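Those sequence lines, one after another, are chains C and V. Residue 0 is where the first sequence starts when you use numbering that gives the first Met the number 0, and the numbers rise one by one after that. Residue 0 is where the second sequence starts when you use numbering that gives the first Met the number 0, and the numbers rise one by one after that.
Hints are computed from structural coordinates only; laboratory data are not their basis. From a predicted model like this one, the values you see are computed outputs, not experimental measurements. Errors might be hidden in some of the hints.
[What the hints assert, rightly or not] Computed beta-carbon distance windows for the label pairs: (1) Val93/C - Ala75/V: 33 to 39 Å; (2) Glu156/V - Asn39/C: 21 to 27 Å; (3) Asp91/V - Val28/C: 56 to 62 Å; (4) Ala75/V - Asn84/C: 35 to 41 Å.
[What the hints assert, rightly or not] On the chain C side, residues computed to face chain V include the following (Cβ under 7 Å): (5) Pro45; (6) Thr89; (7) Val91; (8) Ile94.
Beta carbons: idealized from backbone N, C-alpha and C, even for Gly.
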Amino acid sequence: MILAKIAVWGLGSMVVGGAVLCSEGLVTVRVHQREPDGHNVFLVAPAMLMPLGMKFVPRDALRRDEREIRPYLPILRAAADELANCPDATLVEVIDRDEHVRVAKHWGAIVVDVDEPGQTVHVSVPIRAMQSALRELAANFPGD
Amino acid sequence: MRRAWLGVIVLLFAATAAMAATPERWIHVRVESGHDGGSVRVNVPLSFAEKILPTIDHGNLHHGRIRISGRDMDSADIRAILEAVKTAPEGDFVTVQSHDSDVRVAKAKGNLLVHVRDHANREGRVEIQIPMKVVEALLSSDTDELNLVAAIHALQEAGEDMIIVVKDGTDHVRVWIDTRSESE
């Protein structure tokens, strides 16, 4: 009986923990190299790790790059906020003779697809996570 | 009490109708290169541009306003020209026909039109059509800057038209506004 209670508690914690971790969506990275010995990378990570990771970036390192980052921060934050509100669409598409790049908003995430001769790359980052990460970054710079 | 509820319902309907009447407008840029068949398509909601521009503080662009400072022409000159165009009646302002090109600047149907046709390149042409409301919005700043944010806001209310067409032999650039999120 005690074992069953522990199992239910453990399972509940895992479900709640998983739900909290995935509350900001998932970051997906997929790289497929077409060469015979090419690599295939498929990575799915909770987007919440992005703002969480920002907390562990050494303050000194951020302060060092503050002058470069600070001017772009309001633009990036405004862009992320507006992207969150705008409907799903292809925002930028570049078609070259042998390359195809597409940046789109899809289901609350910014999706970048690159199709070039040697490989295809797919990256999807939830906008909510981008907003949180930028908020976290701004918190390191007093006045922003 | 019933009247109050009725009032709320009417207000809700009016708000919904107002929201439906002003759908999101998108600015589309399409560049097609005839050399390699490449193309670039950009689709951005006007509201996005309207919100982003005030946050940019770089070079001559500050808080959604731009100061043009060229050797031959600056913001004050452009403002003076646009003010003159704004108050002038509709018709052709400038028509220049030379060996190299034909240039026509006119005001017609509430739009400022600039047409340039290049003689050397049979396909070469530039066509710019800007609603006068946008021109007026550009001049809405008290200083001698051009108010880009106000111009974009004015574009929200403009018709669905091609704004800029540039054709240079094999390359083709188009900028237009409509309510579709994707270009055709």
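Outcome of range test on Cβ distance (Glu156/V, Asn39/C; 21 to 27 Å): For Glu156/V and Asn39/C the Cβ distance comes to about 50 Å; the hint is violated.
Range agreement (Cβ of Val28/C with Cβ of Asp91/V, hint 56 to 62 Å): holds (57 Å)
When the least beta-carbon distance from Ile94/C to chain V is tested against 7 Å, hint result: holds (5 Å)
Supplied contact hint for Thr89/C, tested at 7 Å Cβ to chain V: OK, holds: Thr89/C within 7 Å of chain V, min 6 Å.
Restraint satisfaction for Val91/C [CB to CB of chain V, less than 7 Å]: holds (5 Å)
Satisfaction of the Pro45/C interface hint, Cβ to chain V closer than 7 Å: violated (27 Å)
Distance restraint evaluation - Ala75/V, Asn84/C, Cβ atoms, bounds 35 to 41 Å: Once the Cβ atoms are compared, 37 Å apart, the range 35 to 41 Å for Asn84/C and Ala75/V holds.
Cβ separation of Val93/C and Ala75/V, checked against the hinted range 33 to 39 Å: Taking Cβ atoms as reference, Val93/C and Ala75/V lie about 38 Å apart, which means the hint holds.
Of the numbered hints stated above, those contradicted by the structure are hints 2, 5, listed in ascending order.
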